[in-house]
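**Student:** So you can see what is in the structure, the chains are spelled out below.
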Amino acid sequence: MSAPAALSLRAVHKRFGGTVALADASCEIRTGTVHALLGENGAGKTTLMRVAFGLVQPDRGTILRDGREVRFRSGREAIAAGLGMVHQHFMLVPAFTVAENAALGGVGRFDPAQAAARVRDVATRTGLAIDPAARVADLPIGAQQRAELVRALAQDAQVLILDEPTAVLTPTESEDLYKWMRRFADDGGTVVLITHKLREALAVADDVTVLRQGRTVLAAARDAVSEDALVEAIMGSDVFRDAAPLPSADPTAAIVFALDGVTWRDAAGVARLANASLTVRRGEILGVLGVEGSGQAELLRLLAGRLTPTSGRVVHPAPVGFVPGDRLHDAVIPAMSATENLVLAEAGRLHGAIDWRARAKETAQVIASYEVRASGPSAALATLSGGNQQKFVLGRERGIAPQAIVAENPTRGLDVRAAARLLAALRAVAEEENGAAVVCSTDLDEVLALTTRIVVCFAGTVTEVAPPADSSDRSVYARALLGANL
Amino acid sequence: MTEILLAFWDGAFGSAFAFWSATLVRATPLLFVGLAVALAFRAGVLNIGAEGQLLLGAIGASVVALQLPDAPRLLVIPLMLLAGMTGGGAWAGVAAVLRRRFGVLEVISTIMLNFIALALLGWIVRGPLQEPTKVYPMSSPFTVAAQWPFLIPGQRLHLGFAIGLGMAVLLWYVLARTALGFRIRAIGLGARAAASAGGVHAESLSARVFVVSGALAGLAGASEVGGVTWALYEGLSPGYGYTAIAVALLARLDPRWVVVTAVFFGALEAGGAAMQREAGVPAVAVQIITATLLLGVLALTRRQQLRAARVAPVAKDGA
Amino acid sequence: MIELVLVPFLEAAVRTATPLAFAAMGELVAERSGVINLGLEGTIIAGCLGAAVAGAAGGAGAGYFGAALAGMMMASVFALFVVTLKTDQIITGTALTLLGLGLTGTLHRTLPMFAGPAASLPTTGPVAIPGLSQLPLIGSVLFAQPLATYALYLLVPLLAWWMARTHAGLALRATGESPDAAHAAGIAVDRVRWSAILFSGAMGGLCGGTLVLAQVGGFNEGMSAGRGFVAIAIVVLGRWSPLGTAGAALVFGGAFALQYLFQSLELALPYQLFLALPYLLTLVLLAALRGRARAPARLGT
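Residue numbers (the numbering used here), protein chains in the order written: chain A, 1 to 486; chain B, 1 to 319; chain C, 1 to 301.
Treat the hints as calculated values from the structure; they're not laboratory data. The C-beta atom is built at its ideal place from N, Cα and C for all residues, glycine as well. Hints are supplied without guarantee of correctness; some may be wrong.
[Said to hold, decoys possible] Reference listing, derived: stretches of chain A covered by chain B, where coverage requires no fewer than 3 residues with Cβ under 8 Å from a Cβ of chain B: (1) 145-159; (2) 331-341.
[Unchecked claim] Sample of chain B residues lacking proximity to chain C, with all beta carbon distances greater than 12 Å (derived): (3) Ile108; (4) Leu175; (5) Thr243.
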């Protein structure tokens, strides 16, 4: 412990307008370790690291880099001091190549060949496979993340800050990333892992720091704390307990959703989904797993009636409730009020005059029964937090179609509490309404806990995966995602 | 300076004649084009082409007036309105088709169409519709049946203003209270969500709104030739179609407020003309005021109100 | 026939393309930073007046300087609004165009220097480059032009090199494609956009300067005649690359020059058709080339 910490943040305080984002938060990150920064969404994890990286200026507090006090006024200064940050939403220029992205922020002449050589060099040295000449927009999401890492390393980052790096990765990709992080730290590098996935963090971290409501509530070596203690630190005393698994559905129950030999081709004629067949009956929740771009987005939209199949037959009730993954672009209009957003779901079907007063009453009911924190039906959706927006969307869709819901990554970006409420509402579709739901998620734990059956999408094919005899064995899903056992 | 301001005030509000016969007469075309721009912007359609659509509306109405010299007023005036709307709507329709079929940004296409409309008008008043002596670049004067009635005896305020008020009320009702209006506002603020969550056909709706917006601008042209000039000639519009943007934005795209801002800019135009007559200050100075007001409104307006539609391109498959 | 019709036509095309190319180069840089400058028309007319005022006072050199300065003044208003105050680019640009037309019109009618008979301005006529201008066909077309045209011969390749091969050029393009990513990489996005807009102002001003000092020899109200809007279309047709934009400017120079050619041929077509030709051409080419070009991803935001 004699060597100074790679990065120390002490008593950092930051307000945004009326809300306190950080209240004397502190964090000591030792050189050569993986440090997990845990907490619910909105606990201040990302803000604290943005302060460290110079993107947010703190109201007060001290930052030390290798024991020397520093104050970065921009990301450029932080990069110069050996810091690198991989943001949750990637900060890459999609139209640029990996090499151009890595060179961004330099001065003077720009030599494409030299930039590519630099990327190639870093990639081979650190074991991150990436093609420097590839356009970022053409890369799958896992490769984009490697491009982010390579960029940070090409700028000689010794301390890597990763913000929810596995949120968009498949279980296998996540595992690879954790292995890589471990190796990077063992070679003398330092990693800060911002996450709310407790189990995964514990598997890789040396130290943990927990933030709650902008305060550091726990800081310890990984081995010195129990999982229960961490859960309590993250959540406070009010701990959410796992619900009992759903019973298997009655195989003779009525069919709600069905695909029969369905193929969907995009504008270029490529079959994004080929010859898919499945049925979902009353009382079932179907889980959908798939690496991004494997056809699950199309599968969900076909089931929700948002796409028409190129060939084959689709059965779905009308209307179907749909909770799309990109909430702010596909589900709501942020500048409109909650009432208007409620009416939005029927906008294509309505005729004549709209009784806004009656609609506001309906909206107030949704807000109340789904515990949406909003100032009222006239509040613009933009003023709600992500979790509350999502609860509102699910409430709206259940109002339209109580017995048939399709949801795409419904808990992405939500904190544990909001996610739990949302999942309970989805269960209610099957349990209380005797309807059916189809839920796609990248979180295997979530899918296993919520659903009665699971299908895996791989390269446009859909395969049902029977649960393994040993329920803790997840390799069967991982193999299916990669098409290994088909 | 006082002298200039006095001339300005006299020209706009100084007398009953100034108000009813100058300010409100100039406010009339601004009312139509202001509504046209407000409607288009509400739907996320950046129609900068009200000027050209106005000119085509004027041509359309003039063709009717000149082709039916002997028809009764009750037939001619409705037909002029219809022809004005058709002319303006068709001109906007060109831009709508260019946007939908060929992906040409309406901002550029409507401006190009403004210049083309000006050239077209220049040719028409020297060619097919030129007065019989073939000396002046203008059409023959309309017959009495095609001259729109005045609303107040002794004042030049004409039927067009009343129609414009009616249009404002209608547009407000549709936008605020009906499902169609809600769809229009929804595609303006979030086209993707309107398509994906609401099943709204955003592209075809915005194309239809574009055409209706052009039809409203066309009415401005019909109202000018029918209510003010009683003939088609080149210098018909001193840039009403551009002032329309200020009229609509100052009204925050609310049709009720467009009535107010149209009268305000009508007063500016009337006062500016008087200022030039009486005090020798060029009337183009009014454009400086217009631009400054526009910039002032912009600085105070949250830009996301006009923005969402363009940030998120309309997804073809509702994905 | 070639000597009598084609060569004068091509000469006129290059001459007419010169101011368009200046404006388009400025617009190109602004658009690559993510800013569409619909106020370019107002910038150009301000440049015209600046050239006339400064040119009358201090000669052609001062005229070009005044043109660039006037353009940058207009552009700084535009940048203040769209970059600093984050107002809508399209509407702000329209307001700037109105402002430019109104200001220059008012000044033109009130400044004493425009009161009497049109003051004669020092103009910069064609300068034939010895040797090169003797080349068959293209010699006089390319190398017997005003100095402003030669400045473009240097500017266009320089701009292409700068955009592709310097970190500043990379930063410009990144700002137009993804300001968030540029910001995260330590690029001062607002400063990049301010600089790009000021550059486009100077170029728009020089477009006006060339019109006044190398072509018309005086100031007329509204003499920009939509060139600002045409320049924006030129950038689209040039696919946001300096060389492509220069080529597109030449095509439009040809379209404008056709007016003179057809008038001299005394065809039985209404001359308004030729007035409308450049604008019709814009629409046709934009429609024909759809989907081929990709605008900077965050243009206009």
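**Student:** So which of the earlier hints does this model not fit?
**Tutor:** 1, 3 and 5
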